[in-house]
Amino acid sequence: MRTVRDSRVQTALLVAVGAVLALAAMEAIGRFQLLGRGWPPLSQVLDILHTPATRTLLGRSLRTTADEAGLGLLIGALVSVVVAVLGTVLPVLQAGLDRLAAVLNAVPLIALGPLLIATVGREGSPAVIAALAVGFVMFVSTTSGLEAASTAHRDVLAALGASRTTTLLRLRLPAAVPMVLDGLTQAAPAAVLGAIVGEWFGAPSGLGLLLVSAMQNYQTELLWAAGLAAALLAIVSYAVLGTVRSLMAWRFR
Amino acid sequence: MSGSGAVLRRFLGALGTVFSRYWTVLALLLAWELWVRARHLNAIVVPAPYSVVSDVFDNPSAYAGPLGHTLLNSVVGLALGMVLGLWCAMAVWFSRMLSGLLTPLLLVMRSVPVVVMIPVVARVVGFGTPAVTTITTLVSFFPTFVMVLSGLRAAPTAMTDVFAVLGASRPMVLRRLLLPHAVPELLVALRLTAPSAVLAAMLAEYLLGRSGLGTLFADAVVFVAPQRAWGAALIATVVSVACFVAARGVERRYAGRFR
Amino acid sequence: MGKSAPASIPPTDPDTGGGPAGSTEEGTAPDPDADPRTESADAGSPRAALELSGVTKHFPLRRRNTVALDGVDLTVEQGEFVSLLGPSGCGKSTVLRLLAGLEEPTTGRVRVHDRPPAALVNDHRLGIAFQQHALLPWASIADNVALPFRVAGRPVDRARVTELLRLTGLEEFAEARPRQLSGGMRQRAAIARALALNPEVLLLDEPFGSLDAVTRRRLNFELARIWSEQRITTLLVTHDVEEAVLLANRVVVLTGRPGRVRHVEHIDLPRPRGGRLTREPRFHEVVDRLTALLDGDLASRAGADEGATAQTGRRWLRRRGR
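Protein chains in written order, with the working numbering: chain V, 1 to 253; chain F, 1001 to 1259; chain L, 2001 to 2322.
Treat the hints as calculated values from the structure; they're not laboratory data.
The structure displayed is predicted, hence computed values, not measured ones.
No residue lacks a Cβ here, since even glycine has one placed at the ideal position from N, Cα and C.
Just so you know, not all the hints are guaranteed correct.
Computed from the model, here is a short list of chain F residues facing chain L with C-beta under 10 Å [to be verified]:
hint, residue
1, Pro1156
2, Met1159
3, Thr1160
4, Val1165
5, Leu1177
Take a look, some chain F residues computed to stay more than 12 Å from chain V by CB distance [stated by the list, open to error]:
hint, residue
6, Tyr1050
7, Val1053
8, Leu1080
This is chain V alone, in the form it adopts within the complex:
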């Protein structure tokens, strides 16, 4: 028992040391220019946050991207859950919907750029692309979640003479909740990705725009700051939804 706790403490220490080492490595590579001028020291990247104008720019871009990603996550999750339930209610549709989801998932996100600009405009496309990026993950996890109810449970309800709707509402939807939450956690970084890629088609603001313009203008520190902000957004959304999942999922298992 003591050894178990000891090894846990050791692991925690190693993880902490690892985090410090990673940050130190980022700093050192920049300071000694080990990877050229494109990799600034971490401290210099953080320094630019002292400039109010930069801070405002970063904050506004982060908020725009977060909004788009959140909206995309919401739309993508709702649509794909509804479609997945539809496929369960009407099994005729199931195979076709599966294939449609797979093919849509294989379409390169950038290929949709021109279509979306023509239909929803430059400002709307990031959220739509985010929704599409979310859609596949959510569709797959919801579909398998709806199948997750055990045969024994289904047999019990069938023996009780439950209708399809009752089975869906009382058994299959609740049984699907853990996997839907799993999917949502996985989909959060995908939403951030979709929003940023969507911004690469000439959106008026956002982290994606900032990333590309900073790259083209050789504003290395700003570029890295935007990259770190994007990473932070993805990590935070993943962590928040992961926490929600672990808080809620146990009720349904």
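Guided by the hints, dock chains F and L onto chain V, whose structure is given.
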């Protein structure tokens, strides 16, 4: 006569299967075509599917070169990423210290979409092919690393016990037991990363490449050649689906032998 | 007889001597019901192949310690076949894992040929087979049997592999994959693998536990035959009384939670032991007695004691005789 009848019936049967599975995709394409025709939309805004397909078939040479570049970029990146992922997984399996030290990096990499970092990577390694290769490498590295490591750690206790009792050294356990045992995970990683390596390569080319399908797409958008742009997208989609189907085929054929 | 009856008795055959000698208590708290230990008297004697003395084993589980073994003493002679019998969860597999060097005892001493188990493992002189066959699914049966050679870094002795496949009746399946074989054949292959390097000690952890009763019985006869040919020091862990009795020179009964040695039974049945023996009353007498012992510590203690007269009575008399 009856022979040809049977052939016809089988053909119709196969057609029916394809239709029952892909009717949604076909319906989408049909609706799109009809919509474009009915609204008399300008081809610059949205080209009809038929015109896109005919552009691809009429100008194969315009697509062949870029396709080759994209394929090369993705295959090189995929191979590099998977080899690196395999090596790192083995290194972390060997060293508990390394596994602890790398945990924060792995947690970060699990949630950060690599593709978003294309501009940063380009600034560090240089625009053009190096950046494209680096991105495809990173895209395939992480799933390989995670899957293979979980495979290495998931060998049944009875098997590791047998090796322990036989007095096997750690490299011997790795070579004779754990690596073969992790082959299915490696194949899963291939299925997951092969399609996304193609798409990531195309995205990187779009942003900064000087060749490949992504650049073809970007140029076509700039020069207002919608059929060409959509053709590039169509080919990328087909290649990505083909990669998925091929990787899944390899997985189905070989994964079973290792469990 | 009373309460002292079902306890440890000398490991050697009563007829050939090696009777009880001074006990070597080591301060571990023994079962109040158990006799003072008598059998590890010959600890360190050249004939003791496997030896556990005063072994306790605790497992940290959540916030509590689980005591898997509590003061276990056990000796297996060179060339002896001992069955370790007990209910599931009584720690009998832990005994085997200790002897294989897969676990370390919390207190007490584990010796194999008077050395720590790791020494034998490093010399590749230990064979083991589990309930899960643990064959490599990607290798042929012949390659699986040849695995110990490769692990030890020795050239594969093809003649030895063929001989083992013949011994276990798997010659025709040398090139088959484990998945193509029935459960019984897989277990035979696992035992062939355990025998590959002519081990000095063979450890078997419920090797037939996942098989149906008919296959299991057949493999028991085969194992009895193989053992008669090779006479390797063997410890078999099982919860099947018939299996334990059929195969062993000695059956050691463990009680559960925590595991303690409850009773030791010498099996004086003649070899070779086959199907006919299992239909004889003297076989069933032993089996019934041990079964009653397993059936419950309290409920059947009296019955078990009565049944145990033949063995324990003789011992009691000899002790009196001292």
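Verification of the supplied hints:
{"no.": "1", "hint": "Pro1156", "result": "holds, 7 Å"}
{"no.": "2", "hint": "Met1159", "result": "holds, 5 Å"}
{"no.": "3", "hint": "Thr1160", "result": "holds, 9 Å"}
{"no.": "4", "hint": "Val1165", "result": "holds, 4 Å"}
{"no.": "5", "hint": "Leu1177", "result": "holds, 7 Å"}
{"no.": "6", "hint": "Tyr1050", "result": "holds, 16 Å"}
{"no.": "7", "hint": "Val1053", "result": "holds, 14 Å"}
{"no.": "8", "hint": "Leu1080", "result": "holds, 17 Å"}
In the structure shown, no violation is registered for any of the earlier numbered hints.
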